[in-house]
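2 protein chains.
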Amino acid sequence: MDFGAAMEMSCLQKRRSSSLPELPHCLKGTDVEIEIGEATTVSDPVDAQSIKRCFPLTCGQPLLHFVNSLSRTTISSQRKEKPAVKVGVVFAGRQSPGGHNVVCGLYDAMKSHNADSSLIGFCGGTTGLFAQSFLHITENVIATYRNQGGFGMLGRTVDQIRTTQQVNAALAACQSLNLNGLVIIGGVTSNTDAAQLAETFAEANCLTKVIGVPVTINGDLKNQFVEANVGFDTVSKVNSELVSNLCTDALSAEKYYYFIRLMGRRASHITLECALQSHPNMVILSEEVTASKLTLFDITKRICDAVQARANQDKYHGVILLPEGLIESIPEAYALLQDIHVLLKKGTQTDQISTNLSPWASALFESMPIFIKRQLLLSPESDESAQLSQIETEKILAQLVETEMEKRTQNGTYKGKKFNAICHFFGYQARGSLPSKFDCEYANALGNAAYHLISAGANGYMATVTNLKHDVSQWRAGGAPFTAMMTVQRILRGPGSALVGKPSIHPVAVDLKGKPYELLLRDSERFLMDDLYANPGPIQYKGPGCDKKTISLSVEDQDYMGRLKELYACLNKVKSIVKPGCSQEILKVALSSMTSMVDILSVMSPDTNNKHL
Amino acid sequence: MDFGAAMEMSCLQKRRSSSLPELPHCLKGTDVEIEIGEATTVSDPVDAQSIKRCFPLTCGQPLLHFVNSLSRTTISSQRKEKPAVKVGVVFAGRQSPGGHNVVCGLYDAMKSHNADSSLIGFCGGTTGLFAQSFLHITENVIATYRNQGGFGMLGRTVDQIRTTQQVNAALAACQSLNLNGLVIIGGVTSNTDAAQLAETFAEANCLTKVIGVPVTINGDLKNQFVEANVGFDTVSKVNSELVSNLCTDALSAEKYYYFIRLMGRRASHITLECALQSHPNMVILSEEVTASKLTLFDITKRICDAVQARANQDKYHGVILLPEGLIESIPEAYALLQDIHVLLKKGTQTDQISTNLSPWASALFESMPIFIKRQLLLSPESDESAQLSQIETEKILAQLVETEMEKRTQNGTYKGKKFNAICHFFGYQARGSLPSKFDCEYANALGNAAYHLISAGANGYMATVTNLKHDVSQWRAGGAPFTAMMTVQRILRGPGSALVGKPSIHPVAVDLKGKPYELLLRDSERFLMDDLYANPGPIQYKGPGCDKKTISLSVEDQDYMGRLKELYACLNKVKSIVKPGCSQEILKVALSSMTSMVDILSVMSPDTNNKHL
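If you're matching them up, the sequences are chains A and B in order. Be aware that the first sequence starts at 6, since it is given in the working numbering, and climbs by one per residue. Be aware that the second sequence starts at 6, since it is given in the working numbering, and climbs by one per residue.
If you're looking for bench data, these hints aren't it; they were derived computationally from the structure. Incorrect hints may appear among the rest.
Since the list gives no way to pick out one identical chain from another, each pair is judged satisfied if it fits inside one copy or across any two copies.
[To be verified] Straight-line C-alpha distance at most 30 Å; calculated DSSO-like pairs for lysine-lysine: (1) K351 / K260; (2) K553 / K474; (3) K306 / K520; (4) K19 / K320; (5) K260 / K580; (6) K350 / K423; (7) K423 / K400; (8) K306 / K420; (9) K422 / K350; (10) K507 / K116; (11) K260 / K553; (12) K520 / K19; (13) K116 / K420; (14) K593 / K578; (15) K19 / K554; (16) K33 / K547; (17) K378 / K350; (18) K420 / K350; (19) K19 / K584; (20) K19 / K474; (21) K350 / K412; (22) K19 / K420; (23) K116 / K547; (24) K350 / K260; (25) K19 / K260; (26) K474 / K298; (27) K351 / K422; (28) K474 / K554.
Build out the structure end to end from the sequences listed, making use of the hints.
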């Protein structure tokens, strides 16, 4: 592979490649200063203990914030040079639109602070890191890949830095290349691996600082420090457009139900966001199925009832969304998949699997159509999960619904026209998209932040950019220690006893108490019956609307750090003015400040996401 | 269904809905005049005879051109009123992006020439026409659907106006509703039906003038009068973006071959255009397969050889495009499908089909995977063709290639890594898209032209807008008789004898001698080996690039009428200045004009498309 090679570019690609993403005020120019924030702590004592044991050197570090020492209007044009650094960057996770801009932002920041700094990119993902196979990133490479999709600049292979051998190879690479920093671009798994690397490097007194950047289309690397992931905005928008196009098509043809499976294994954020943008008739989220312990039968019945209700209004078309992770959230399907994987691991031949399953599992397996059986028998992925992209859950459901509707027709409970389903899987076609303006800007800012973290000597941090709901100029940037984002999974083994896993950054599922889901619930009945399809259209780069963000981001309450700052500010103000014997006027001001604080606190009211506060 | 109902609109939809498409100069204002052109003739004597017999009243009519009697800069603001007309419009073909704008353009033109004119839209396609079920189209309806995708304003059902009963129902509707005009929106089939309707109406002395508009995503309604079809631009662009995204993804992951099937039954225009925009590694067009009589084995071998050549360069990824019509262009597969359809028609049960096939057909059938067998056994569509959207040809090919690569691995002729394929079908998700700027403007201009044809009392015409390569302002508009676009298919029955079919407007396949295909051929070797993937990105509505047209349109030589006009102009000029004893200067000017004429003539050099000239 010719990594970093010049590409054949379309008109739009060329235009995008020469467009410099705007930087937040706090990252502009060469007067960016670092402010040390509060030390991070983990409130759960068992988690805290376990994290401290595994990450003695990198846990408990403070939050870092970048501030621009100059006023907003007068960014200094005089360059303040910082020492030259040598940094390596690697795509550790799966490709995600905007990933290239992390590299571009990092490069720009390095060069603008010292022209002698050098950036190398490891080729073919972590494999390149282990083998010390890299590319010198030049202005030409940057110009070719700025604002472009995919991970083509450097490629990727396996996503892991896990085994002792892999960790040691990474250490050897960073030491022999004399790197000041290593930037790891990826999702939950890659950033957990990065945390381990940071700890190992610290232990080995290695000069290299390890910095992670949250890049994953899944949008499931979320916590009080991380509001969004690079790629989610683009992938949601591309998929929403396609879902909407099918809604339009369904409404024009009036004879098909479209069953659409979208990406999202462990969390259904993409499906939820697409539903909010496109308003399909029905959405089934893995999180709902898990929470309500719905069986295949329950889900089928729910869809059939909807089809029947619509038929009563003479509507024989519709659009139903589901995430690829759905199959694993259905209890009996999950159990079947686990049983199959155990047998496969034992070396059981695929044609012998069914007879070796428990009677109920075998019965469920045999009830599936042949093409699904073959998909269920696929070996699990490297992370032990099923090959979800290959299991056509949408076809299983469509078939079950068809059978049930025929049954209802025969027994006379359904008198409408024949039910027709067409199935779709929107997977890789969105992942390779040109990144949206938001993803370009967000990734670019994160790349800049990664540089400042390395320059400040921070190790074991994730670059963070927050306040994302607002205009780019007002975004905040900084870093948060990996360890502050970790939790420990407990697997219950009978009453009172639990097996405690390794501390990790875990994927965050859709919060069924969160505002985006609430928004969906609010309108679900109207969406189901009234065909309120909306089409966000193709991603735009110019003109009004090009700055539109995902609906999830717009309604989520995630600006914890911003809110904390506001609280501190309010509190300090009150403290500084209220004195014994102060005037009524002062008291009025204080009271008003306190009202604001109550408002802020009520927005931050406890939910599953802010247990660390 | 609530036809014409208000929609839930996204930001972009709202913006698009309030944006008025630009009109060509020749259609602006209320001073549009009609110029009667040459009478149309059919050069093939057998065709001519047959067409004259079937369409005695509507064949041989002249071409019509619209000209603006005012200069380009001073479009009169004073309205010249024309008599009020009552017009009906119907979506007869399959939904195609931009279709709504034909209605909008028609409405605008009607109202601007007389506020008392009224437009009705038949609901649910031709079914609505037969049943006289319609909607009064108001300013509100227009505002809701302007520049929007799908056919939701009026819906559609069956596409035909064929049987005597159907034709009579249409006649009764137009008579009882007292329509001055009926505008039929659709592709080759619908416009052939429209031609029949026009003839029948003329015979019945019916007041209603029948006008067709070329709207089909397939882009196969092409001839010397029609340069493009509404919807093709949008669908090609949406599909090209998705194909490009997969190319990006393939390059990032470096481990999969993507087999992508695109829409296009009888012609591969979409596949060709997507290949020109995205540069995938391989494209297989139905027209190539037909021309070279390639078997399934030949195609498989071709792909395997490509996979092997790429493996020699350590490349294990790639993207291969094919049209859904491919399966029918493969001789043995076509024969098998025909045999199956004959048996199905006879009432043979699906599980008895295989045993009733000829031995070779049965052998081919049995060699197919089960899921493909089921797809081959589907009943044919209303037009006797196979249900091509449901036959996963991409999966057949992927499986055949996989088997062959395994064989080559076993016999040692292939030493590379395992071949992995992932299959995609991009069908309906593009058809429902918001229309591109080009489709919005083109459809709008066609709608305007349809009004002027009706207003001029033309019957049996297709609205035409040409010179499309150039800026909208320079587009030409007019009408051409359906009969001038007809050909007669001959089915050879032994030497010298041929069965002559009914005159129809036939779909035009990709011209293997045409410029778009030539362009693909020129680069095919580089595309195959060098991964020159380009990504046109999402359709843009603002900023540079939003006026980009399809590559096919840009390189095709289709502006026959424009060229004829240029020729006339040159010739008249020469004739008017060259006199006996004229000066050397005049002769020089004349010579230069003649050089231009030679150039024009050489561009118009004979190919399959201009046999009528």
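Inset, instruction - Taking the numbered hints from earlier one at a time, note which ones the structure violates and give those numbers from smallest to largest. - result: 5, 10, 11, 13, 19, 22 and 26
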